[in-house]
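*Asks:* Residues per chain, in single letters:
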Amino acid sequence: MKVYTEYLTLQTSKEKEIVNITTLVEKAIKKSGVKEGLCLVNSMHITSSVFINDEEYGLKQDFLRWLEEIAPMKPDYQHHRTGEVNADAHLKRTIMGREVVVAVTRGELDFGPWEQIFYGEFDGKRPKRVLIKILGE
Amino acid sequence: MKVYTEYLTLQTSKEKEIVNITTLVEKAIKKSGVKEGLCLVNSMHITSSVFINDEEYGLKQDFLRWLEEIAPMKPDYQHHRTGEVNADAHLKRTIMGREVVVAVTRGELDFGPWEQIFYGEFDGKRPKRVLIKILGE
Amino acid sequence: MKVYTEYLTLQTSKEKEIVNITTLVEKAIKKSGVKEGLCLVNSMHITSSVFINDEEYGLKQDFLRWLEEIAPMKPDYQHHRTGEVNADAHLKRTIMGREVVVAVTRGELDFGPWEQIFYGEFDGKRPKRVLIKILGE
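Residue numbers (the working numbering), protein chains in the order written: chain A, 15 to 151; chain B, 15 to 151; chain C, 15 to 151.
Isolated chain A, as found in the complex (with noise of 0.2 Å):
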């Protein structure tokens, strides 16, 4: 059996914004030296995401709409009793959610044709770890 671990540290420019991640996990997995296993990947943060959906500039843009709508940035959350501001973030990210699992096979992302692995930031500009955790042979 073959188990890998590394740490990403990613830091976006923006309070929200979705970042590709894709080719940094099938580095990962190149590394990991797995043929065949399965790889987990997720935010070691609470307030942000590790997501499977498409490459398409306007989808994200309607993803960062959508979850202003259903879990949207407001004062009165009780979190916020603590001096953070941040609650909307703890919902979006549960929206989204906090991992992937996704299978190796041969050695690659064993993907449909438009799966693509995103980090989803929803209280950025500061350094934060995604975890990627591979297990097979």
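It cannot be assumed that every hint is accurate.
Since the list can't tell identical chains apart, any single copy or any two copies may satisfy a pair.
Result set (DSS-like, lysine-lysine): computed pairs, CA atoms no more than 25 Å apart in a straight line [unchecked claim]:
(1) Lys142 with Lys74
(2) Lys16 with Lys139
(3) Lys30 with Lys88
(4) Lys88 with Lys74
(5) Lys88 with Lys44
(6) Lys44 with Lys74
(7) Lys30 with Lys142
(8) Lys30 with Lys74
(9) Lys45 with Lys139
(10) Lys28 with Lys139
(11) Lys44 with Lys28
(12) Lys30 with Lys45
(13) Lys49 with Lys16
No wet-lab data here; the hints were simulated from the structure.
Mind docking chains B and C on chain A? Use the hints.
*Replies:* For chains B and C alone, kept in the frame of chain A given last:
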């Protein structure tokens, strides 16, 4: 270590439809020979889902109606500037989830009494693939 | 390869409640003897969740209030024709997620500074089970 990969192809008759795929996953587990391990089941498309819930006709209708409320079909998504008209399907799939990871124990799906695996199609009437990857011993 | 399985039984005192189960998962990892691997934690019921977020009292209240807004309790779900009255719990669990997959590194949960594992109950006051499956070496 045993690793097993299988691809299902599904084509729904409706544009939006929920299909129970539990027995197809059970068959894959039998074929894999894995007695103890983890099983990933994911949609390979970004407008459909794999999720776990209850096999009950009314509930499936409730899911589809609710998704239409919180992630509605409408013309003014930016994704539609590409000529696509399915931005709502990307959002609906995000709510329902891309994948499930399930435990295999003593050669069977290790499920609670009501757990069933579903394929959720939000842009259907054409062949789409689901990946099953099983890792264990 | 080591594979370890454990079942937790939880019974909340409220119908809707969020319970921190991080130390229970940590204990299972110790018992498993796995130093490097993956750990699946999932609700075995379809009206409750396992998810990762922040241990902060106000935020937990925000989650419950927000879920009531986007997946409200109301009488007119089709699922209720079966005699059930908990369709909202199925929807709330869908938002919060069924499962988490977490990395085990050097025998510990490989977590960011604020990550904690929660059981989210949306139809409680009765015993329900959570499965922990750990695979690695």
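*Asks:* Could you run down the list of hints and mark each one as holding or not?
*Replies:* Here is what the structure says about each hint:
1. Lys142 with Lys74: both (20 Å within a copy, 23 Å between copies)
2. Lys16 with Lys139: neither (35 Å within a copy, 40 Å between copies)
3. Lys30 with Lys88: So Lys30 and Lys88 pass the 25 Å test inside a copy (15 Å) and across (24 Å) alike.
4. Lys88 with Lys74: both (22 Å within a copy, 16 Å between copies)
5. Lys88 with Lys44: neither (43 Å within a copy, 42 Å between copies)
6. Lys44 with Lys74: Neither way: Lys44 and Lys74 sit 28 Å apart in one copy and 40 Å across, limit 25 Å.
7. Lys30 with Lys142: within (13 Å within a copy, 32 Å between copies)
8. Lys30 with Lys74: both (11 Å within a copy, 22 Å between copies)
9. Lys45 with Lys139: neither (29 Å within a copy, 39 Å between copies)
10. Lys28 with Lys139: Close inside one copy (6 Å), not across copies (39 Å); limit 25 Å.
11. Lys44 with Lys28: neither (30 Å within a copy, 40 Å between copies)
12. Lys30 with Lys45: For Lys30 and Lys45, neither the intra-copy (30 Å) nor the inter-copy (40 Å) Cα distance is at most 25 Å.
13. Lys49 with Lys16: both (10 Å within a copy, 13 Å between copies)
Of the numbered hints given earlier, the model fails hints 2, 5, 6, 9, 11, 12; all others are met.
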